[in-house]
Amino acid sequence: MAKKRIVLTFPPTLVGQPITYHLVKDYDLMMNILRGVVTPNEKGQLVVELVGKQKALAEGINYLKSLGVETQSLAHDIKWHEDKCTHCTACIPTCPTQAMSVNRDTMEVSFIKEHCIACELCVSVCPFKALEIQF
Amino acid sequence: MPKTIKEINEKIKKGNAVVVTAEEIIDIVAEKGTKKAAKEVDIVTTGTFGPMCSSGAYFNIGHTKPRIKLGGGTCYLNDTTCYTGLAAVDIYIGATAVQEDDPKNSVFPGVFKYGGGHVIEDLVEGKSVVLRASTYGTDCYPRKKLETLISLRDMNEAVLFNPRNCYQNYNIAVNLSDKVIYTYMGTLKPHLGNANYCSAGQLSPLLNDPLYKTIGIGTRIFLGGGEGYVVWQGTQHNPGVKRKKNGLPQTPAGTLAVMGDLKQMSSEWLRGASFTGYGSTLNVGIGIPIPILNEEIVKYTAVKDEDITAPIVDYSKAYPEVVPGSVGEASYAQLKSGSINISGKEVPTGGISSYSKAVKIAQLLKKRITSKKFYLTEPVALIPSVKSGINFKLLNERPVKRK
Chain A
-3 MAKKRIVLTF PPTLVGQPIT YHLVKDYDLM MNILRGVVTP NEKGQLVVEL
47 VGKQKALAEG INYLKSLGVE TQSLAHDIKW HEDKCTHCTA CIPTCPTQAM
97 SVNRDTMEVS FIKEHCIACE LCVSVCPFKA LEIQF
Chain B
127 MPKTIKEINE KIKKGNAVVV TAEEIIDIVA EKGTKKAAKE VDIVTTGTFG
177 PMCSSGAYFN IGHTKPRIKL GGGTCYLNDT TCYTGLAAVD IYIGATAVQE
227 DDPKNSVFPG VFKYGGGHVI EDLVEGKSVV LRASTYGTDC YPRKKLETLI
277 SLRDMNEAVL FNPRNCYQNY NIAVNLSDKV IYTYMGTLKP HLGNANYCSA
327 GQLSPLLNDP LYKTIGIGTR IFLGGGEGYV VWQGTQHNPG VKRKKNGLPQ
377 TPAGTLAVMG DLKQMSSEWL RGASFTGYGS TLNVGIGIPI PILNEEIVKY
427 TAVKDEDITA PIVDYSKAYP EVVPGSVGEA SYAQLKSGSI NISGKEVPTG
477 GISSYSKAVK IAQLLKKRIT SKKFYLTEPV ALIPSVKSGI NFKLLNERPV
527 KRK
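Sequence order for the protein chains is A and B. Note that our numbering gives residue 44 to position 48 of the first sequence, counting from 1, and the numbers run on in steps of one. Count along the second sequence from 1, then add 126; that gives the number in our numbering.
Source of the hints: derived by calculation from the structure; they are not laboratory data. Only a predicted model underlies this, so the values are computations on that prediction, with no experimental measurement involved. A virtual CB, placed ideally from N, CA and C, is assigned to each residue, including glycine. Among the clues, some could well be false.
What the hints assert, rightly or not - 16 Å max Cα-Cα, derived EDC-like pairs, lysine to aspartate or glutamate:
| id | chain 1 | residue 1 | chain 2 | residue 2 |
| --- | --- | --- | --- | --- |
| 1 | B | K425 | B | D248 |
| 2 | B | K462 | A | D101 |
| 3 | B | K462 | A | E104 |
| 4 | A | K80 | B | D248 |
| 5 | B | K462 | B | E421 |
| 6 | B | K486 | A | E104 |
| 7 | B | K425 | B | D153 |
| 8 | B | K158 | B | E394 |
| 9 | A | K125 | B | E394 |
| 10 | A | K80 | B | E157 |
| 11 | B | K486 | A | D24 |
Claimed, not checked - Which stretches of chain B does chain A cover? Using the computed rule of at least three CB atoms under 8 Å from a CB of chain A, they are:
| id | stretch |
| --- | --- |
| 12 | 304 to 316 |
| 13 | 461 to 473 |
Okay, chain A solo, but in the shape it has when bound (with noise of 0.2 Å):
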């Protein structure tokens, strides 16, 4: 199995099509949609996780291009920086996914990088500029 994290722009035309029911079904692949924004009559974007054959990945990918969707690797991350993180909590509230999250007994915050979707909404709320955007 292969995964791969991509960012998917939708021209207007597109929008209104079933484009990730045919990546499910025709290609078998599991689709996690990180973040969607979809504006009628502009476009849509996606940040998506698939999953599955590395053929069927490169296929699908392919089928998006053929269509006319934009496609982009997500290329950047979010690092915790472990030494200048006070466990404040002030991120916690703000994280879509609890990627950051706290022990409530300890009251220590840590970082679960696989719920992560790189929204970025952390690194502007962190005082100590523990959170950094990676390219």
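For this one, chain A is given, so just place chain B on it according to the hints.
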């Protein structure tokens, strides 16, 4: 039987003082009762680590050859503005000072990447910073310009001197408006998107001595990793607020002015901070030992997060416009659980002060005392309490008559 600080210090010296943290005392009192706990325990250590804007440091940088008089001139440390209205080579830098060319909030919200708090952090980390000054010349101080690298080792004195630290309780900040706001309590999302609080609760020094019966002028404390002293009540000290039966204030109340030798301190306990859209500041770590002189005092130190409540204040309107009142209250136990209920809505909570760092400070102070590295001092005067008549007031603005 009541104990004295002198007796407690004798016990420290002999190595048999019983020292516990303000967390540990809770179970001890619950298990043994106040009478037995007061007899057995000698000291309760507290701790707090949060942004404290009314902080700063003064330095004597040493005289130059030929001499220069910075007093009346301008001086920067790493491009951050210092106060020079003192003698020739004494300067002060405040935690919220910004760099000369910082765009501040002109590009909103400003990031305030580096400021006075960061200069202090860099210095205690042992780094050299750039000192740049210009001034007017005199017969005794002819030099007009100075640019040099300087570190704490180069300075004669480097003293952390904070006019207001250690707030006794604090507001819970929320945003009732329909847009994001950027405050010293962090970024607040619209429509009660989050609730931010700032106190170590049951570990906080002044919440363990709510009526200021032991903490006074001259109390030796853990300050920024080194040793310091309480030197006065802090600015905005407001002992006359509404309190519960156990003396706990229901709103922000007492404060402390503290000072200590910056050269002893470390960046683990003094940390520059940047609040988006608000400014830069300094996170200060403070730990205060509370001598268990009698049963009444041990009762105060057994305070629990469940017992301490803070007012929920709207920072979009009520706080900036100074509208009294709150939209409710919540206990620190509720705040630490991750969400509080405000008018039927579950609102996620975020801290501004670090509880886990506060725990570490209380433990560190306990260790210093039991290893005979830290002795208690008798305060030379207590700070004003409930009956002092001191009340924090707003500025009464008066028109300026132009001639």
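Violating hint indices (sorted, rising): 1, 5, 8, 10, 11
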